[in-house]
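Peer 1: For reference, the chains in residue letters:
Protein chains: 4
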Amino acid sequence: MTDVEIGRAKRGRVAYSFDDVSLVPSRRTRDPKLVSLAWKIDAYTFEHPVIAAPMDSVVSPQSAATFGAAGGLAVLNLEGVWTRYAEPAGLLAEIAKLSPKDATSRLQQIYAEPIKPELIAQRIAEMREAGYTVAGSLSPQRTAKFAKQAIDAGVDIFVIRGTTVSAEHVSDGDSALNLKEFIYELDVPVIVGGCATYTAALHLMRTGAAGVLVGFGGGAAHTTRNVLGVRVPMASAVADVAAARRDYLDESGGRYVSVIADGSMGSSGDVAKAVALGADAVLVGSPFARATDAPGQGRHWGLEATHSDLPRGELVELGTVGTLTEILNGPSHVADGTMNIVGALRRAMATCGYSDLKEFQRCEVVVNP
Amino acid sequence: MTDVEIGRAKRGRVAYSFDDVSLVPSRRTRDPKLVSLAWKIDAYTFEHPVIAAPMDSVVSPQSAATFGAAGGLAVLNLEGVWTRYAEPAGLLAEIAKLSPKDATSRLQQIYAEPIKPELIAQRIAEMREAGYTVAGSLSPQRTAKFAKQAIDAGVDIFVIRGTTVSAEHVSDGDSALNLKEFIYELDVPVIVGGCATYTAALHLMRTGAAGVLVGFGGGAAHTTRNVLGVRVPMASAVADVAAARRDYLDESGGRYVSVIADGSMGSSGDVAKAVALGADAVLVGSPFARATDAPGQGRHWGLEATHSDLPRGELVELGTVGTLTEILNGPSHVADGTMNIVGALRRAMATCGYSDLKEFQRCEVVVNP
Amino acid sequence: MTDVEIGRAKRGRVAYSFDDVSLVPSRRTRDPKLVSLAWKIDAYTFEHPVIAAPMDSVVSPQSAATFGAAGGLAVLNLEGVWTRYAEPAGLLAEIAKLSPKDATSRLQQIYAEPIKPELIAQRIAEMREAGYTVAGSLSPQRTAKFAKQAIDAGVDIFVIRGTTVSAEHVSDGDSALNLKEFIYELDVPVIVGGCATYTAALHLMRTGAAGVLVGFGGGAAHTTRNVLGVRVPMASAVADVAAARRDYLDESGGRYVSVIADGSMGSSGDVAKAVALGADAVLVGSPFARATDAPGQGRHWGLEATHSDLPRGELVELGTVGTLTEILNGPSHVADGTMNIVGALRRAMATCGYSDLKEFQRCEVVVNP
Amino acid sequence: MTDVEIGRAKRGRVAYSFDDVSLVPSRRTRDPKLVSLAWKIDAYTFEHPVIAAPMDSVVSPQSAATFGAAGGLAVLNLEGVWTRYAEPAGLLAEIAKLSPKDATSRLQQIYAEPIKPELIAQRIAEMREAGYTVAGSLSPQRTAKFAKQAIDAGVDIFVIRGTTVSAEHVSDGDSALNLKEFIYELDVPVIVGGCATYTAALHLMRTGAAGVLVGFGGGAAHTTRNVLGVRVPMASAVADVAAARRDYLDESGGRYVSVIADGSMGSSGDVAKAVALGADAVLVGSPFARATDAPGQGRHWGLEATHSDLPRGELVELGTVGTLTEILNGPSHVADGTMNIVGALRRAMATCGYSDLKEFQRCEVVVNP
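Same order as they appear, the protein sequences are chains A, B, C and D. With this note's numbering, the residue at position 117 of the first sequence is 160, and numbering never jumps. With this note's numbering, the residue at position 202 of the second sequence is 245, and numbering never jumps. With this note's numbering, the residue at position 210 of the third sequence is 253, and numbering never jumps. With this note's numbering, the residue at position 282 of the fourth sequence is 325, and numbering never jumps.
Don't read these hints as lab results, they were simulated from the structure. Hints are not guaranteed to be accurate.
All copies of an identical chain are treated as equivalent in the list; a pair is satisfied when it fits inside any one copy or across any two copies.
Heads up, simulated PhoX-like pairs for lysine-lysine below, C-alpha to C-alpha not over 25 Å straight-line [unchecked claim]: (1) 144 / 159; (2) 401 / 223; (3) 223 / 188; (4) 223 / 83; (5) 401 / 83; (6) 144 / 223; (7) 188 / 144; (8) 191 / 401; (9) 140 / 191; (10) 159 / 191; (11) 83 / 144; (12) 188 / 76.
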C-alpha cells in the first residue's frame, strides 16, 4: 500500500473501506442465469457464499434451519443467550423493547449469566435435527473450556471468533489456547478470526484453519474504533488477506484457505465488493437482523456490546424489512441493498461480466478520492 | 489514472465524480452572444446539446414536442408506461401521489404490464406529427424483439440503453443481441450505452454506433451503488471515453462518435463540467422531472426502480420549479442550477473564454482534494 | 500544483480551499502589541487590510464612513440600489423581510431599475464629505458607460469587479472595455478582478492595475459553482496569484501590485489564512452583513443574485451579531470568528510569530487530507 | 511529511488528525492483565498516563484528590475561579445553568476578577493535604508574576500552558518570561506547551523542561481554528514531537523529555492513538467534564473562552455519564469511549499485542483516505 509520513516519527499505510471503492464493469456483460455462486469449504458445499454471523440477533437454532433451507450456512454463537438460558425467548422479546438509554446496562446483566455446557450440546442437537450443515462459534478465551461439548455434540464446522484473534496469544496461565495444537487435534474444519493484516492472516493459516475471518465482525453495532482506536478498513484488509491466501497456497503446496469477510457489510453492494476484493465468502450480520423472523426482531447487537466493564458495541434499532428468505434470495421491494442479497451479488457479477466467485475476485475496482 | 494499492492483492485507479472537479476560467472572457452551443449527430443538428432522458417522469410524446420546440432532442422510453398502457395519464397521476413507503411495490405492479408493439408504433407516430427529430429507446434485452416496430414507425434516432451495455454479452440462448450486426443492418443512427471505461466504449464504437452513452443514466433516483456495488465516477468516465473517441477516430480513419454523458447531472454546473471533460452532449433526467409540464409532475424514477425482484432505484420527490422551457432556456428565478440549463452552459463557456462545445472540451479543470 | 489524471483525456491540478489548510505557529511567539497590520496601495495607507466589499448588504455611503473611521476602506457598489434609487432605505427594509422563497424574483425586479448617472455623482459626493478614502466599483460591462461620472465626482480608488474579469474580453461590438487603455488614461489607481489563476492575474497586472482581486467575491451568498460549474478554491488561487505578483514585480522592474483576496472568507480565521497564503489585503462581505448598522440588517446578497435570467446567488439570512466597529475591531463576545476580525488577525500573527503582513505571508501552512 | 504545492507561491505539508488514523493489531495478542500502563516523569510515578487538564470544568482541589486516588495526576489551573474567588462554588453552579447564548459574555465577566496570590497558596495547600502529587499551571504571560507563590506553597510539578508557547517570545518589556532561566532556577520539574512542530518542541526541550505539551489543549470547547486560522492536526503533531524527543535525547546525552498530548482526545480511542503515535502521557479535558463529581457538572470550557476581547472557545454542554473514577477506571456502561479510559487503553494495547506504553509507541497505524 501507499505509505505516508504522519509525522517525523511515524509512517502509516493508506487503507480503504468498502465505501472508498466501487466496482467497474468489464467490456463483457453476462446473463445472470449463467453466473454460479457456489462456495465450498472442506467437504461442505453451499449454493452461495453468504453466511449468517454468530450473533444472537441473527442466528437461533430455528433461524439456522431457515438459512440452511435457503442454500447457505448459519453459525450459532455458543456463548449467547441460547447456551446461557434454557428458554431465552422472553429475554429476546425484552431486548426487542429496551430503550436505547438502558440497553447496555441490561445487556450486561443478561449476559452475566454463566454458559451451561449442557445447553451447548442441546442447541447443536436441535440444529442437527434440521438436517443442514451445523456450525457453532466460541471466543478464543472460551474455546479451551467449551469446544469439546460442541464437537462431541456433532458440530460440522467450528468457528473461533473474537475481535482480534492471533496465532500467538501471550498469557501467563495454562488456560491460553494453542491454536495450532487445538486445530491439529480436531476432526472438524475450523474457521478462525478476525484478523486484518497479511502477516496476522498468514500465521492463522499456518495453524491449519480451513478459513480465516477478515475484520472485526460488526459494523452497525460496533464501536471498537471509538473505544480502542482500533479499526480495520475492510477493502484493504480483504485484499491483504487474499494475498496471504495466495502466498500460503504456494508455501503449503496447495492448501487453499477460505478468506471470509466479516463485518462492515450493510448492503448487498458491500457483499459484492468483498468478493471482488478477494473474499471467498462473507459473514453477514446486520442485514439479517432486519428480518421479521430473525431472533432480534429488528434489533441488532453483538457480544462486545455485553462486556461487563468495557462494552464496545451498542444495541441498534434497524427495523424490519422482510423475511430471512426474502433478504437472502428476494424478491426485493426496496432499493437500498438490504434485500435479495444473493440476487444482487449474482447481478453484480453478471453486469461486470464474470461467471463465478473465483473469477469475480479479478473484477476491476476504482477508488473514490 | 493514478493507480493505488488497496491491499497486497488488489490495485485500483482513483476515479473522480463531477463534484470532485471544478472549471477554471482561462485568461480570456467572451460575450455570451458569441458562444455557439450547436450539436450535430449523423444528419441531425440541434441548437444545444441537452437531451431529455428516456424516463417516464421526463419524456412523453407531448413533452418531446416541447423539447423539440426548444431546440433540443428528447428520447421516449419505448418500455415505459406509454407503450404498456393506451391511456397512462391516470397512472402518472397516481404515481405523483404515491407515498415513498409504498412506491417501489406499486411501481413493480404498474410496470409488470406487458409492452404492446402497436403502442410503440402509435407513440412514434404521435411524435412524428409534432415535426421534430424523433428518438426512442429500448433496453438491450428487448431490442431484438421490439426494435423493428420502432424503426418501421419512423424513429429518426434509435437508442439502446441499459445500466451497462457491452459489445460482448454472454448468453446461452439465441435471443442475445449481436450489436454489430444489428447496427449494421439498421438505416438509422444508433446511440448505445451506458459504458464507463475506455475499453468498453471503444468496443461499443466499433459496433458502428453514432453515439455512446457514458454512465448509468441516473443520479437522483439511482441506487445501483448500494445494491450492486457498481458505480461510475462520471468525471473520470467521461474523460476516459473521450479518449476512446479520439483513438477510434484515428483507428476508423475519421468516424467521429458522439460521447454523451448520461446521469449524475443534477444542475447546470454538472452539465458544463460534462462538456469540459469531453462530452459532446448530455442526457439529462432529474432536472426536467421538476417541470410543471413534465409527466412526473415533480416525481422522478427510472426503469431500474420498477424491476420485479431487484429494484435498483427509487421514486424521489423533487418538487416543481418552472416549465420545461424555463428549465431548459430560462429565465431562471432560482440560483441553484436547476433552471436555464442552456443559458448557464452558454455563460460558463463565455466566462471561461470558449466559443463552441468542441473548444470548451479543452477547458482547464481543478480537482478538489 | 500536483497534477492528476482525471481520465485518459483530461488531467487536472489539485486545488485547495481555505478549509483545506491551517496555519502553523513558528518557533517564535510575539506580543500582539508588536504586530503591525498597516496596508498601503498607491498613495493610500490604512491601519489594517480588511476592505468592505461592494455589496448593498454591506456598504452604503453611511456605512463607508464607519469603515473609514475604523481605519479601513469600504467600496461602494456603483450599480447597486444607491445609484438606482434616490431613496433606497425603504427597499432595503423590504429586502430585510423578504421570505427566502420569493427573494430572487423580488431582487430581480428591484435591480431592473436603471442606474442613474447623477446618483453615482451624488453618492460619491456624500462619501467625500465624510473625509475618508473614497472607493467605488463597477462591473466591466458598465465601466465604459459610467466610469467617467465616478472619476469626475472624485473617487479616490476605482474598482472593476465581476465574477471573472480578464485582460482579453472577446466581444463583437465597440462597447467592450480595453482595460489597458482605460487604466492608462485614468488618474486614479484601479483594482480589478476577480481572477483565479497565475496567467489570468499576470495579464491583469500588465494592464497597469494597482491591485487585483482573487476569487469570485462571495461565499455565503454565491452559487456560481452549482450554476456554472466554475469554482475557485481560494487557498490555491491566492498562492498562485501571489506568484504572479512576484514574477510581475521582476518583469516590470519593481511595480508591486496588491493581491486582494475576494470571497470565501466567512471568519477571521479565513482572513488570517488569506494573508498567510500571500494576500496583501482582503475584501470581506458576509461578516459585515451581520452588523446591526449594516444596510443588510442581517441579510446578505450580491449583484449576481439579481441577474434577470440567470441568477447565481441567493439572499441569505445571517442574523446580526454586533456593530460594524465591533465586528472589525472588537471587543468580541462570540467565539466563532465573526467578531473582532482585525484583532484576530493581529493575534494570529502574534501567535505564529510574525511582525507585519509581508512577513506573515511566509507563515507555514499544513494541508488537511 | 508529504509536501504538496498549494499554489505556485506556497507549499504545505499534509498533516493528520486522530480521526484520520486507526490502530492495527500486530500478529500477537496479549492478556490485558499482562499490560503495564505505568508512567514516570522526573521523580514521580503514576499508575497510568492519563492526566486531568487544568480547566475549571475538570480540576478543583477536591477533584484533584479523586484523580490522585485513582492513580493519576491532576493539574489545577492557577488562573481559574479557584484563585480568583475564595468561594467559587456558587459561580460554578451558575455556569452550569448558563444559556449558551449568554455564556461567553458572562464568562468574560466572571474571569475579569483579578487573581489573588494568597488564593494560589491556599489552593496548593489544600491539595497537599490530600497527599497526592500536586501540580498547578499558569499561562506564560502570568508565570513571572505568580510562579513564586505556587512554588513556595509546595507545588510538585509546575505547568506553563498557553495556546502556543515558544522558547523565544518577542516582547518589548522586561515582563517577558525567559523560559530557560526560569526553569533552570526552579527546583521542581516543569511541563511546558502547547507546541505543534518538531522545531518548536526541540527548542522547548532545550529550556530544560521535563515534559512538553503537544497541541492547543482543547477540542470540544475550542474554536482557535475559526478565530485565528491556526490548527494542530494532532496525529502529525504528536509524531513530529516524538521525533524531537528522540533527537533531543541524543543531543542532550540522555535526557528523556516526556511528550504529553494535550487536546482533541474526546474518547478513549483517541487516547490510545495518542500513545501509539508517540505520546508518553495525555492531558485530557472534556471526557472528565462529563463526570457527576467534576466541577463543571456536565459543562465544559477553557480559559480561552473567557478572553475579554477575543474569546476563542465556547461553553459546551456535554451532559454527565458517571463518576470521575468510573470515567477513568470503569466499569463502563456506555460504548462510545467516554468511560473506562484507562481500561480501554489497556485493552487496546492487549488487542494490538503490546506490553507497556513505550512498546505501544511502535504500534502500526493506517491512514484513512
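Peer 1: Now tell me if each hint is right for this structure.
Peer 2: Now for the hints, and whether the structure bears them out:
For the homomeric pair residue 144 and residue 159, neither the shortest alpha-carbon distance inside one copy (29 Å) nor that between copies (44 Å) is at most 25 Å. Taking the shortest alpha-carbon separations for residue 401 and residue 223, neither the intra-copy value of 28 Å nor the inter-copy value of 30 Å comes in at or below 25 Å. Taking the shortest Cα distances, residue 223 and residue 188 sit within 25 Å of each other inside one copy (16 Å), while across copies they are farther apart (61 Å). Taking identical chains as interchangeable, the C-alpha atoms of residue 223 and residue 83 lie at most 25 Å apart only when both belong to the same chain, with a minimum of 23 Å there against 39 Å between chains.
Proximity of residue 401 and residue 83 under a CA criterion of 25 Å is satisfied intra-copy only: 11 Å inside one chain copy versus 45 Å between copies. For a Cα distance limit of 25 Å, the shortest separation of residue 144 from residue 223 qualifies neither inside one copy, at 42 Å, nor across copies, at 52 Å. In this assembly of identical chains, the alpha carbons of residue 188 and residue 144 never lie at most 25 Å apart, being 34 Å within a copy and 49 Å across copies at closest. Within a single copy, residue 191 and residue 401 get their C-alpha atoms no closer than 34 Å, and across copies no closer than 40 Å, so neither meets the 25 Å cut-off.
In the homo-oligomer, the alpha carbons of residue 140 and residue 191 never lie at most 25 Å apart, since the shortest distance is 35 Å inside one protomer and 59 Å across protomers. Taking the shortest alpha-carbon separations for residue 159 and residue 191, only the intra-copy value of 13 Å comes in at or below 25 Å, while the best inter-copy value is 65 Å. Within a single copy, residue 83 and residue 144 get their C-alpha atoms no closer than 43 Å, and across copies no closer than 39 Å, so neither meets the 25 Å cut-off. For the homomeric pair residue 188 and residue 76, the shortest alpha-carbon distance between copies (20 Å) is at most 25 Å, but the shortest distance inside one copy (46 Å) is not.
In the structure shown, a violation is registered for the earlier hints numbered 1, 2, 6, 7, 8, 9 and 11, in ascending order.
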